[in-house]
Every structure is written in C-alpha cells, then in structure tokens.
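Line by line, the protein sequences give chains S and E.
Heads up, the first sequence is in this note's numbering, so the first residue is 36 and it goes up one at a time.
Heads up, the second sequence is in this note's numbering, so the first residue is 57 and it goes up one at a time.
Everything labelled a hint here was simulated from the structure, so no lab data went into it.
Hints should not be assumed to be uniformly reliable.
Restraint-style ranges between C-beta atoms, simulated for each label pair [as the list claims (entries may be wrong)]: (1) VAL120/E with VAL180/S: 46 to 56 Å; (2) LYS283/S with PRO65/E: 47 to 57 Å; (3) GLY253/S with ILE83/E: 46 to 56 Å; (4) LEU98/E with ILE262/S: 46 to 56 Å; (5) PHE189/S with ASP58/E: 18 to 28 Å; (6) LYS43/S with ILE68/E: 27 to 37 Å; (7) LYS283/S with LEU66/E: 24 to 34 Å; (8) ASP58/E with LYS44/S: 46 to 56 Å; (9) ILE68/E with GLU182/S: 27 to 37 Å; (10) LEU64/E with ALA221/S: 34 to 44 Å; (11) LEU98/E with PHE83/S: 23 to 33 Å; (12) PRO65/E with ASP93/S: 17 to 27 Å.
Taking lysine-lysine and the DSBU-like style, the derived pairs with C-alpha atoms no more than 30 Å apart in a straight line are [stated by the list, open to error]: (13) LYS127/S with LYS284/S; (14) LYS283/S with LYS44/S; (15) LYS284/S with LYS138/S; (16) LYS138/S with LYS127/S; (17) LYS43/S with LYS138/S; (18) LYS138/S with LYS283/S; (19) LYS86/E with LYS47/S; (20) LYS51/S with LYS129/S; (21) LYS86/E with LYS283/S; (22) LYS138/S with LYS51/S; (23) LYS47/S with LYS127/S; (24) LYS210/S with LYS129/S; (25) LYS44/S with LYS86/E; (26) LYS44/S with LYS252/S; (27) LYS210/S with LYS47/S; (28) LYS51/S with LYS86/E; (29) LYS96/E with LYS51/S; (30) LYS86/E with LYS138/S; (31) LYS129/S with LYS96/E; (32) LYS283/S with LYS127/S; (33) LYS96/E with LYS127/S; (34) LYS252/S with LYS129/S; (35) LYS51/S with LYS127/S; (36) LYS43/S with LYS284/S; (37) LYS86/E with LYS127/S; (38) LYS283/S with LYS43/S; (39) LYS129/S with LYS284/S.
Just so it is clear, the structure is predicted and the values come from calculations on it, not from any experiment.
Every residue gets a Cβ at the ideal spot worked out from N, C-alpha and C, and that includes glycine.
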Amino acid sequence: MFNFAFLKKEIKEMIKTPKLIIIGSVFVFFAIIGPLSAKYMNELIAMFATDIEISFPDPTHIQSWEQFYSNITSISMIVFLIMMTGTVVAEKNKGSIYLILTKNVTRTSLLLSKMLAGVLLFTSIFIISVLISWYYTWVLFGQVVYEGLMLSLFSVYMLGIFFSMIAIFLSVVLKSTTHAALLAFAIYAVLNILTILSSINLYNPAGAATLVLNQLKGVDVTHNLIINIIMTILISSILAVASVRIFKKQEL
Amino acid sequence: MDRIIELLPLLIPLILIQIGLAIYALILLKRAQQVRGNSKLLWALVIIFVNLFGPILFIVLGRVDDAVRSEDE
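With the rest of the complex left out, here is chain S:
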C-alpha cells in the first residue's frame, strides 16, 4: 500500500534541503528574465551597437512566451534534471535507505513516494513560474493569451515530468550521483539534438520545445502537440514502471 507518511517525510526533506532553493531560484529567475529580455533586449542591442543602424519590430507578448519556453526547456530543465538525479542513489550511498526499508516501508512505496514528491515539486515550481511570467508579460505587454497557450504550457509541463522520471530511473540504476547527473545531461543533449529532425518531434518528448515555438510562430501544431503529449506520458509511465521493477529486484 502507498505510504502517505513517507511522502510527507519526502516533501519535508525537500523543503529542508538546498534542492528546493536551487530549483526554485532558477525557475523564478528565468520566469522573470524572459519577459524582461523580450521587452528590452532590442533596446539594449541598439544601445550598444551604435555604429550600425538596426531596426527591430516592436516586441509583443509572443516574444515574451518565446523567451519563457526557451529558458524553461533549457537552463531551468537542466538544473532540475541534475538536482533530481541524486534522489535514490544519494540515499543508497549514504546507507540511509536501509534504515527506511527496515521501517515497514516497501521498496515500491518508497520509490513511488520519491516519484510523487518529485512530480509535486516540479508541478508547484512550474505553476509559480507560469504565474510569474504571466504577470510580467501582462505588465510589460498588456496582453498575455495566444491561441494554443494552455496546450503548449501542458506539453512543457509533461516534458518536466518526463525528465523527473528520467532522473529517478537513472538514480535507481546507477551507483553514483555524478554518473547519474552526467548521463542525465547526455540524454537531455541527445534528445535536444534529435529535435533537428522535425519528422520525429512528435515522438520525442524534447520535441515539445520546438513544437511550442512553432505554435508561437502561427503554425498550427495542435495535432502534433497532442501526439507528443501522449508519447511523453507513455514513455514517462514506462520509465516509472521500469524504475519500480528494477528497484524491487535490486541488490542494495
């Protein structure tokens, strides 16, 4: 049975550790900087490049969301992924996992609690980032919503859930936090390089980043985004089930 007391403990630990502070700071920082840079980047470039005459079109809320998606799917996601890779492996190495497992907590319950805590962490930080970016976009541009906004936000949210499942999977199968973090980064990089092949963006969870940017440019990618979300949910579920199965049989 699922152990809610253990989930509560996981959430409390997350609040106490630097993990929440680091992930929170990065997500909030880039949620603020996105709309600001969209609004003032052109002016800054024009200010420094005095020798050349450059004329930029007036930035709109579209550029603000473009910045938001670019930041959240790159720097913020990398930080989140790397911070989450220690979830299980750090406790295995410290030996604290043995203490927990002797306290009537099953391995499945332990891993599910860690997964759920990770999902809750990402969900809350993602919602806060969206609200901040929403507010800044509204203040700076007077307009926020565009067609397909909610679907785009949901696909980026699912990308975050996918990366938390990758982090937990690697944390279960590998024996060192450093190896897990490096491999997580390598997977992130490979999936992002694969986004160049636009034909497979549908099936590549990282393809969501490209698809939402296309949606911003006015291309109707609703159908592709829906398929991408379904694929991301499917791959994330497979990773979750595989993590639990491996962890159950693993020699600790």
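Given chain S, work out where chain E should sit, using these hints.
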C-alpha cells in the same frame, strides 16, 4: 536613469533572488568543514562574482563535507 527607476519594482525580485542565493551559499560555505579544492576564499569569490550560477556551483559541487551534507539532505 528614469527608466531604471521605472523598472525597479520589476527588477527587485531578480536582485533579491541573486543576493538571497549568494547569502545562503555563503552560510553553507562558512559551516562547511571541508570544500572541494580546499579553498574557501576561491569559493567565496565564485559565489559573490558569478551571478546566479556561482552559488549553485558551490552548493552542488563545492561541498565535500559529509557531516554538513547529511545534515541538510
């Protein structure tokens, strides 16, 4: 100058995040008995002068003190 004053309410949260994170990292640095590279001064400079990512680098990579880590992990 007027532009900066006008933008200040929007910029303050950014400044607070950077200062807050740097103070937090400096507290962890002070508490740490041992740091990677054995130079607390170097880490202090990284924390103070590398915006946003300096404190993160120290928190993630700089701490090797098991006692401190197990306390906050």
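Hints versus structure:
no.: 1; hint: VAL120/E with VAL180/S: 46 to 56 Å; result: holds, 48 Å
no.: 2; hint: LYS283/S with PRO65/E: 47 to 57 Å; result: holds, 52 Å
no.: 3; hint: GLY253/S with ILE83/E: 46 to 56 Å; result: holds, 49 Å
no.: 4; hint: LEU98/E with ILE262/S: 46 to 56 Å; result: holds, 49 Å
no.: 5; hint: PHE189/S with ASP58/E: 18 to 28 Å; result: violated, 41 Å
no.: 6; hint: LYS43/S with ILE68/E: 27 to 37 Å; result: holds, 34 Å
no.: 7; hint: LYS283/S with LEU66/E: 24 to 34 Å; result: violated, 50 Å
no.: 8; hint: ASP58/E with LYS44/S: 46 to 56 Å; result: holds, 52 Å
no.: 9; hint: ILE68/E with GLU182/S: 27 to 37 Å; result: holds, 33 Å
no.: 10; hint: LEU64/E with ALA221/S: 34 to 44 Å; result: holds, 42 Å
no.: 11; hint: LEU98/E with PHE83/S: 23 to 33 Å; result: holds, 32 Å
no.: 12; hint: PRO65/E with ASP93/S: 17 to 27 Å; result: holds, 23 Å
no.: 13; hint: LYS127/S with LYS284/S; result: holds, 14 Å
no.: 14; hint: LYS283/S with LYS44/S; result: holds, 21 Å
no.: 15; hint: LYS284/S with LYS138/S; result: holds, 19 Å
no.: 16; hint: LYS138/S with LYS127/S; result: holds, 16 Å
no.: 17; hint: LYS43/S with LYS138/S; result: holds, 15 Å
no.: 18; hint: LYS138/S with LYS283/S; result: holds, 16 Å
no.: 19; hint: LYS86/E with LYS47/S; result: holds, 24 Å
no.: 20; hint: LYS51/S with LYS129/S; result: holds, 17 Å
no.: 21; hint: LYS86/E with LYS283/S; result: violated, 40 Å
no.: 22; hint: LYS138/S with LYS51/S; result: holds, 22 Å
no.: 23; hint: LYS47/S with LYS127/S; result: holds, 19 Å
no.: 24; hint: LYS210/S with LYS129/S; result: holds, 11 Å
no.: 25; hint: LYS44/S with LYS86/E; result: holds, 28 Å
no.: 26; hint: LYS44/S with LYS252/S; result: violated, 44 Å
no.: 27; hint: LYS210/S with LYS47/S; result: holds, 25 Å
no.: 28; hint: LYS51/S with LYS86/E; result: holds, 18 Å
no.: 29; hint: LYS96/E with LYS51/S; result: holds, 24 Å
no.: 30; hint: LYS86/E with LYS138/S; result: violated, 35 Å
no.: 31; hint: LYS129/S with LYS96/E; result: holds, 25 Å
no.: 32; hint: LYS283/S with LYS127/S; result: holds, 14 Å
no.: 33; hint: LYS96/E with LYS127/S; result: holds, 29 Å
no.: 34; hint: LYS252/S with LYS129/S; result: violated, 49 Å
no.: 35; hint: LYS51/S with LYS127/S; result: holds, 19 Å
no.: 36; hint: LYS43/S with LYS284/S; result: holds, 25 Å
no.: 37; hint: LYS86/E with LYS127/S; result: holds, 28 Å
no.: 38; hint: LYS283/S with LYS43/S; result: holds, 22 Å
no.: 39; hint: LYS129/S with LYS284/S; result: holds, 20 Å
Figure legend: structure checked against the earlier numbered hints; hints not met, in rising order: 5, 7, 21, 26, 30 and 34.
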